[in-house]
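Colleague: Starting from the known structure of chain A, arrange chain B on it as the hints suggest.
Those protein sequences? They're chains A and B, same order as listed. Residue numbers in the first sequence follow the working numbering, run continuously in steps of one, and reach 313 at the last position. Residue numbers in the second sequence follow the working numbering, run continuously in steps of one, and reach 335 at the last position.
One or more of the hints may lead you astray.
As the list claims (entries may be wrong) - Away from chain A, derived, C-beta distances all over 12 Å, residues of chain B:
#, residue
1, Lys86
2, Ile102
3, Thr131
4, Glu151
5, Val155
6, Ser192
7, Lys205
8, Gln214
9, Val223
10, Tyr224
11, Asp228
12, Lys244
13, Pro259
14, Leu314
15, Lys322
To be verified - What the simulated footprint calls covered on chain A by chain B, stretch by stretch (three residues with Cβ under 8 Å from a Cβ of chain B suffice, anywhere in the stretch; the number is not a length):
#, segment
16, 26-37
17, 55-63
18, 178-192
Derived by calculation from the structure, the hints in this document are not laboratory data. For each residue, glycine too, the CB sits at the ideal point set by N, CA and C.
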Amino acid sequence: MPNAKQGEPDIGLDFLDMKLNNPFILASGILGETADLLLSAFKAGAGAVVTKSIGLEPRDGHRNPTIYSTPDGMMNAMGLPNPGIEDFKREMDVLRKTDAVVIGSVFASKPNGFSILAKKMQDYGAAAVELNLSCPHARGYGTEIGSTPASVRRIVKSVAGSVSIPVLAKLTPNTSDICSLGLAAQEAGAKAVVAINTVKAMRIDPLIKRPVLANRYGGLSGSAVKPIGIRCVYELFEVLTIPIIGVGGIATGLDAVEYIMAGATALQIGTAVQTRGVKVFSYLQDELKEFMRKENYGHLSEMRGIVHEP
Amino acid sequence: MSPETVSVSRLIQKKNAAKDCFSLFFESQIQSSPGQFLMIWIPGVDEIPMSVSHCRNGTIGLTVKVLGEATEALCNLEEGDRVRFRGPFGQGFKLEAKRPVLVAGGVGSAPLLLLASTYSSMGVKGDAIIGAKSKDELTLIQEFENLGWNVYIATDDGSNGFKGTASDLLEKKLKVLTLDFLYTCGPEKMLFEVIRIAESVNLPGQAALERLMKCGIGICGSCAINQKLVCRDGPVFDFKELRKISEFGKAKRDAAGRLRPSV
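Next up, chain A with everything else stripped away, as it sits in the complex (with noise of 0.2 Å):
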């Protein structure tokens, strides 16, 4: 580490055709739905931003409640509400004419779907395309398409010829095992992938003697899943050779470098905007480069997949 003692340490990224100022990006499905949202988490610092899910047709999403907080983090089951792609121009002609690094996130049942939708959002002006292929609490979509290695095979190939940005694979954790998943993204022309989404779950009310959230279950994000992640980003990073962003439960800069020392390149950054608010972005980087100066790192690659064994 030459002159790692020597002034800041380095947390930019030049990242799969995006400068980023720092690694820590806005998960999807938070402040998402609206440009005025998604520039005040970049403006709070956010390195990029990631759209909320945007599918075909507008989607007004389950019925109330549709969030659930944990002692350790929450649960949620939207539904991927969405204003539609034709609709959802309107954030992205705003956001267009803006610095903000903006990653269009998409959903679909179909590979033709998704290959319609992220079209869309690189003539929309995105930095790159996110499919969601790991929501776990909506029929017929997420989760339930994706979670065998074909069918991420065949969505992200669909894609990945149909666009010139870089194609994101958001994976689900849901699965016994997500390398084959992240195997069949990258075979297929992913330029990263993402993980995790959130985990299938329930809690339910003892005394009004139902699951507390309308759709049953729902998805856990938050502290409490940080372990599964870190467990996943691990296992990814033995066996692809494209970038890897971690997600889950990272509220702290420790937590990301946990994600960054398992082999997270990039870290999304979702349930503690809730809890530290948006201004957990200028603190994520304070926390970083102090644990950096501490230890005497002075780029970001200097820490990632340092655990795993040569």
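Modeller: Just chain B now, kept in the frame of chain A:
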């Protein structure tokens, strides 16, 4: 949000408050500041945001007008039935006035009643201008009077009090009342008008807004109004903040997140 903010309560009393409008009282230890809201889950139906109209001695009161399926189910609850609350959430009213005036439209008087009772307990009383379409839709009038506030009534059809809107009556009363701060809640078109009138005489104030809400805790973005979230940054906003929000009084987002002109 910590899990302690979730609580299950039983309905202990239901009182008619106006036409198709009820005050529902629940046994609850929730301490809500005026203007804050609760997410109330009517099991098997829906979970919706509701402002608090009464909060005292282990009882929480909501004043609910039947407007849709969820509010209808809420008003059809019977004593002993259980609901679940999350909250209280959001930023409430500032309690800094010496001589407050309240301007309410319809069931917008609900959060203003908790504000008035809080002020009364601090020894501050003021004026309440309460409007509705017709006399049978005037909500909580008697309760404002019981607190010792001066109540001025406006109805669109003139069936009780001044004939016209609450904002019309405000414009008249501004000439004769001594006031230092205005609070308002009601239909957004009315809020827009009230703020215009207040600002014309440099009267500062706050308004409580309403938007479709899902999470209630500042992450899903359903209640976005420009760069603000009504659940997290509101529901109470300063007039001077609202002036910077171009969607205020003009547009709302639907359940799918589409921006639609306000009707």
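Colleague: Now look at each hint and say whether the structure bears it out.
Modeller: Quick rundown of the hints versus the structure:
no.: 1; hint: Lys86; result: holds (20 Å)
no.: 2; hint: Ile102; result: holds (15 Å)
no.: 3; hint: Thr131; result: holds (18 Å)
no.: 4; hint: Glu151; result: holds (16 Å)
no.: 5; hint: Val155; result: violated (8 Å)
no.: 6; hint: Ser192; result: holds (34 Å)
no.: 7; hint: Lys205; result: holds (29 Å)
no.: 8; hint: Gln214; result: holds (33 Å)
no.: 9; hint: Val223; result: holds (35 Å)
no.: 10; hint: Tyr224; result: holds (37 Å)
no.: 11; hint: Asp228; result: holds (32 Å)
no.: 12; hint: Lys244; result: holds (38 Å)
no.: 13; hint: Pro259; result: holds (23 Å)
no.: 14; hint: Leu314; result: holds (15 Å)
no.: 15; hint: Lys322; result: holds (14 Å)
no.: 16; hint: 26-37; result: holds (count 6)
no.: 17; hint: 55-63; result: holds (count 4)
no.: 18; hint: 178-192; result: violated (count 0)
Figure legend: structure checked against the earlier numbered hints; hints not met, in rising order: 5 and 18.
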